[in-house]
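Engineer: Here the structure of chain A is known, so what remains is to put chains B and C in place on it, guided by the hints.
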Amino acid sequence: MGTKIAVAVDDLTVAYNYKPVLWDIDLSIPEGVLMAIVGPNGAGKSTLIKSILGIIDPIAGSVAIYGKPYTKQRDKVAYVPQKGSVDWDFPTTALDVVMMGTYGSLGWIKRPGAKEKKLSLEALEKVGMLAFKNRQISQLSGGQQQRIFLARALVQNAAIYFMDEPFQGVDATTEIAIINILKELRKAGKTVIVVHHDLQTVPEYFDWVTFLNVKHIATGPVKDIFNDDNLTKTYGINYKVAVQQ
Amino acid sequence: MSPMIDIQLIATVTAAACAIPGVFLVLRKMALISDAISHSILPGIVIGFFITHDLASPWLIIFAAFSGIITVVLVELIQKTGLVKEDTAIGLVFPALFSIGVILIAQNANDVHLDVDAVLLGDLVYAPFDRLIIDGADFGPKGLWTISVILVITLVLLLAFYKELKISTFDVGLSSALGFSPVILHYGLMSVASVTTVAAFDAVGAILVVAMMITPAAAAYLLTTDLRKMLLLSVLFGVGSAIGGYWFARWLDASISGSITTVLGLLFLIIYLLHLAKD
Amino acid sequence: MRYARKFAVLRKQSLLGDAISHAALPGIAVAFLITGAKDSNVLLLGALVSGLIGVFWIRGITTKTHLKTDTALGLILSLFFGFGMLLLTYIQKQPNANQAGLDKYLFGQAATLVESDVLLMVIVTGISLLVMLLFWKEFKLLLFDKNYAMTLGFNTKFIDGLISFFIVLAIVIGLQTVGVVLMSAMLLAPAAAARQWTNSLSTMVILAAIFGAFSGVFGTAISASQNNLSTGPVIVLVAAIFVIVSFLFSPERGIIFKQIRLIKNRRDLQLKKTLYFMYDIVRDHDDISRPHAIRILNSFQGFTKKTLSKLEEKDWITIQGQNWSMTEDGFETAANLYNNNLPES
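Those protein sequences? They're chains A, B and C, same order as listed. Per my numbering, numbering through the first sequence is continuous, rising by one, with the last residue being 264. Per my numbering, numbering through the second sequence is continuous, rising by one, with the last residue being 310. Per my numbering, numbering through the third sequence is continuous, rising by one, with the last residue being 1139.
One chain only, chain A, in its complex shape:
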């Protein structure tokens, strides 16, 4: 684990209409961790990621990626949105979606070429989806769709990966495949930040964790801070009940 700070969130406050969703969040994420963001429904987990990535405008506060504003560091960041956020009936193929990962580095107007295609095929292979490259995306299973999204992020070859509930509605095989790829990414020195729902798998999958419930509760190594005290603070009830959810 490096000593550099990959993501620094400072006094971040976000609200929809009048209701605050995130309140005064201070958070630093060191480089090279595989981190879970946990908290109950409505805790603002997805919102935190979206405001770090500039998709949602915060009311106050700032975010720095390696010490600079996000807009100057886009090439260092890749994002895997929630699977349900897109229209899977859109007329396009698996390879096409993965190629979208190269659009950012291409910039305006320029089209993807042979080089971009090669990168995309490699990413598809890494997630075990090469055989499905020409499949219409609506014909893929939930787990396969999630792998396509992961491949799209891999193509970006970023330093920090943000993933919003990548294990939601996927089969057990895909879950293992995804977590193995994430662990590989961490080994390669990347930072991976995952919105996660299943408390039981936190110690097994992640080495770093953030507890969030509108306010920031705690952040640190799983082995140090993943305990009853923080879970109760976050979920407001005996965490064993939360685990069983």
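Hints in this document: simulated from the structure, not taken from any laboratory. Any given hint might turn out to be false.
Facing chain A, a subset of chain C residues (Cβ under 10 Å, in silico) [said to hold, decoys possible]:
1. 932
2. 946
3. 995
Covered stretches of chain C (in silico footprint by chain B; criterion: 3 or more residues with CB under 8 Å from a CB of chain B, positions within the stretch not fixed) [stated by the list, open to error]:
4. 835 to 846
5. 851 to 862
6. 870 to 877
7. 954 to 962
8. 967 to 979
9. 1036 to 1049
The structure displayed is predicted, hence computed values, not measured ones. All residues carry an ideal CB built from backbone N, CA and C; glycine is no exception.
Structural biologist: The following block gives chains B and C in isolation, referenced to the frame of chain A:
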């Protein structure tokens, strides 16, 4: 009674009758269904006219309401195939039905005293002259009677099923769990909307029906989230715009229904700007 | 001009076109009131401006209030149109009003198109095509996954605005042919039909353009051959026929072929269940090809004479008199049936 007062009465009652189902359409995110229905009842009206040869016949309302229901059913059928989404289904169904209506009118222009302008705008100006006469006694304009009966029925249904409508609009799952079939309520509401649309259509035309249903409800929704207040406010807005619109049209010597819509539009604009200023 | 329609279908704002086309009407009337001219270019400019105002107000309502898209669309559609009709009736009452011709914008009258109108259409279509080719990648990205497009650093507001602008432009240009009231169908129908035949965005765009063009040509020809027939409704009905045919007969998504596949899959599954039942009987024996009486299958529900001969056709079993026996091939197939062939959930 003078035609002047008759017209205002018809416009007022129509506005009230439209505002009530409108509130539920807006809350249920089905505002555009009213647009679809108001267009697609046209073939029903035309065919009804071919059969009865009487534009004021109650059969026309039944035919038209029936084609309104057909629209709703067709939209749902297309949606169920999973080939397109709901709003696309709406957008495919009603122009086709409306086109059939327009062509039917055009092909039989000599027999039908309907013209396309009347379809789009209605003709409130002539409404007072079509009077209900029983045994030689004059009971006022027919249009006023029709829309009043519909308003009364709507009010009775609203009072009788207020609780059910409220709960099924707010939470479909809960409502069916409690035994209030959302399907029955859905089609009930759609039937009321269709019948109201048809009756109002005669007086104010296809597009204004949509404005009269949606605008008061939307404006009220910007001011309150209490369903009871929202219903009262939208009736108030509808009625106010109807009367204001009438006088505006007289002053401008232009279409009454166009003018009512314009007043509704101004009303919404003001409330919208107030809403923005509040933030 | 024709490409914008596909994007409307894909944006989950199918009825945006309906709202915009109605919103264009007051612009035509205002342009006429100001200039007093019937020059269609000036009138269409008015339509463009009021269409754009409509789009921005819709966006304002949906983003700045809790009203939903459908309400916003319904509001703009009816309010702008009502205002437009007010102005039209006002114009008609004006003395020496040179108003003949404004009516054609309601339902379209292709017969009144003059050479300069057609030229304008060709130029606008050309420009639209060029912009679409230039920004193809950006359009696709935005339509599929807007948030992701934002994280990649694209100015999504700009792309969004560009798409909206060209949708409005396409509608305004089509007004003279199809009219305000039915324009939305021309945005939706060809795209919805095209979507059924392909899974590729580029093919879809080309197909939709072809469907749209055919509807236009046929519709105009039919309406020109008869008196009293506005172009708009006829074109819309021709387009509706394209939609119905596509929904029914497209090989992959069409209702008919889907139903046939469903029946076939069920039969297939029944066949495999019968095979598996046989496999259950033979798998405890050392010799899998030992004959069994057909009679013992009677207790199994899915079994018929036909399935038996089907199974023999596939060389999964052999039949001798009143007995059947399983082949190597059939045994293999049955053994692997519930390992690999389960449909993905």
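Engineer: Indicate, hint by hint, whether the structure satisfies it.
Structural biologist: Do the hints match the structure? See the list:
{"no.": "1", "hint": "932", "result": "7 Å, holds"}
{"no.": "2", "hint": "946", "result": "3 Å, holds"}
{"no.": "3", "hint": "995", "result": "5 Å, holds"}
{"no.": "4", "hint": "835 to 846", "result": "violated (count 0)"}
{"no.": "5", "hint": "851 to 862", "result": "holds (count 7)"}
{"no.": "6", "hint": "870 to 877", "result": "holds (count 7)"}
{"no.": "7", "hint": "954 to 962", "result": "violated (count 0)"}
{"no.": "8", "hint": "967 to 979", "result": "holds (count 4)"}
{"no.": "9", "hint": "1036 to 1049", "result": "holds (count 4)"}
This entry does not satisfy hints 4, 7, going by the numbered hints stated previously.
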